[in-house]
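S.K.: As they're listed, the protein sequences go chains C and D. According to our numbering, numbering within the first sequence proceeds without interruption in unit steps and concludes at 284. According to our numbering, numbering within the second sequence proceeds without interruption in unit steps and concludes at 622.
Mixed in with the good hints there might be a few duds.
[Unchecked claim] For lysine-lysine, the following DSS-like pairs were computed, each having C-alpha atoms within a straight-line distance of at most 27 Å: (1) Lys565/D x Lys45/C; (2) Lys169/C x Lys565/D; (3) Lys565/D x Lys29/C.
[What the hints assert, rightly or not] Quick look at which bits of chain D chain C covers, simulated, 3 or more residues with Cβ under 8 Å: (4) 307 to 318; (5) 547 to 557.
Just so you know, the hints here were simulated from the structure itself, not pulled from any lab data. Computed from a predicted structure; not experimentally measured. Note that the Cβ used here is the ideal one computed from N, Cα and C, for glycine as well.
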Amino acid sequence: MSDMQAKLRETAKKLLESGEVGYIIGWGKGRTNKTSPVFVKEPAKVDELVWNEYCLNTLAKYTMDNMYPEKKIGLCVRGCDSRAVNRLIQDNQLKRENVYLIGLPCEGKKDPVTGEMVKKCIECMHHNPLEADVMVGEPVQEKGYPDRFKDVEAMEALSADERYEFWAKQYDKCIRCYACRNVCPACNCRECYVDQYRVGWQGKQNNRAENQVYGLTRAYHIGDRCIECGECERVCPVGLPLMKLNRKLLKDANELFGEYEAGMNTEVKPPLGTYKLDDHEEYM
Amino acid sequence: MKLAKNKLQQAFDLMAKEANLLVPMKIEGVTKFAPWGAEGELAMDAVNTLLPPKDALFPQTEKMYKYKTRLTQVESLEEIKETDKQIIFGIRSCDIHSIDCMDEVFLTRGYVDSFYSRKKENLTTVAIGCTKVLPTCFCDSMGLNPVAAPTADVQLNDLGDYYAVKAQTEKGEALVNLLKPLLEEGDGEAAALECTLKVNMDGVQKKLMNVKMFESDIWQETAQKCIGCGTCTYVCPTCYCFDIEGKECGNEGYKFRCWDSCMFSEYTRMAGGHNPRPSKKERVRNRFLHKLAYFEDRYGKGSLCVGCGRCVADCPVDLDITMFIDKVGALKEAGSND
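All chains, please: the whole structure from these sequences, using the hints.
M.R.: Below is the structure:
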């Protein structure tokens, strides 16, 4: 791990010195075991970059803060981050030529408090970056995730009433902080429907009905575009099992439109973002 | 006086007869102050509940007025008054101080918020001294004491098999009186406790109150990683901003207020569309200045950050106010960039 960190810093230094990139988005040290996103502009400060088992945050969405950069943005990408990059490119929120991707194969990250592998990494299907301009470290073995839809199947086996009760309990907890939305690379609308206060799509009261409207609307908005990074579920302060919801929609999309994983490349369009003549048409 | 721990449930039952009793509970994985008897587990050992107790005085959604109309005339308009008695049991020093701060905001400076004040009048607080701290706790750096909350109505201290019980106000005496059948003679001093996370506030407030700080580069640097969610503001025991909206159905409706967050873009957006805090830099600056400087400026009561550490623990990107305080402390002078 520390070899990779040294190599990452070396690579970052070269990129900044040569002027190839304006700044680098990576992970830095927090007060405890935690790491935190950092933005390194000067070659002298590359030691702020860390690569260890606690680099949890996905970083690609920070490119949206600078959509017209003077120089390329150096972006550290693991498998999940690279899928997020594809997501943003495909959604026209990022131009490939605006980023320089520093690829980091990743064996999964740990929770800084418990020291255990986090759920999103246990469920990861792509540990190696799918796209990179330079690779730091050797590719790791892909393990796949055969249980991808197991949670969804367990939910589907319940009766409608049981499912309602399950989600009602969950959405009773929601505090509507919108961390799930703000961290999500597929939630890249310039203005979220929630913030369109004059139209009033989303009521502001915190109650089961409004919270569920929010949860369902977000799930459908990202339905076929979710890259399964699991960040929404990780950042939720009250622990909503959001991937159950996202994967339900992915499972449906897979069953209706054929096997699909979002963010694997920039060519294959999300199933609901395109049409084919042989698409299902039961609701036409 | 003292209360044996094995009589705690009896004490709860007794208090629950008199008032809506809120105790630390873990419900569906979330620790918060919830009515005694709610489905979940009692969580007396949760040093800090995930959600702050501010909901008891300032609910996330609170109905304020209801009305009926006929054509263009108002037929009835009624203020919704909640007058239930409430007891919060097991609240920590940091959260007690958060109520002191909210009192300043809602009850002083020429305007008394009737919704808050009614709830406050009907509230009795039973504080409990901490016996352990979390890695994110820093209340003693903010001038508080984890084992003593002088403004609580009743102070409890965990002394092994029993709690030492001390009434500190009139309301507190009434409550101790209620519990008298369960109490025994005796007393005891709580062992002192120190937070492991230390923050040095020396000179920080003064620097931040200097107008030169407003345009410092520190804000851009600090805010860069913020994702603009409202987690910090909603887990904060002293964030009290709210929005007022109405809900109408046919010829009747109601007005409600609900928590709002200065981290949201919509929070400062004006009617014409202009937003004086257009990006996360301005929003983070506002939040940190509010916590560490503006509150002192307006109320002269120190910092609005009570050191509970909830935002430090829960921020999705580890934007840590304690690291910000250190950074400001290390600045040579206000407005300098190193």
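S.K.: A separate judgement is required for each hint: does it hold in the structure or not?
M.R.: Evaluation of the provided hints:
Of the pairs offered as hints, the one joining Lys565/D and Lys45/C holds, with about 22 Å between alpha carbons and a cut-off of 27 Å not exceeded. About 36 Å separates the Cα atoms of Lys169/C and Lys565/D, which puts this hinted pair outside 27 Å; it is violated. For the hint linking Lys565/D to Lys29/C, the alpha-carbon distance of about 21 Å falls within 27 Å, and the restraint holds. Here's how the stretch 307 to 318 of chain D fares: 4 of its residues keep a CB closer than 8 Å to some CB of chain C, so the rule of at least three is met and the hint holds.
A count of 4 residues in the stretch 547 to 557 of chain D with a Cβ less than 8 Å from any Cβ of chain C is obtained; the coverage claim is therefore met, three being the minimum.
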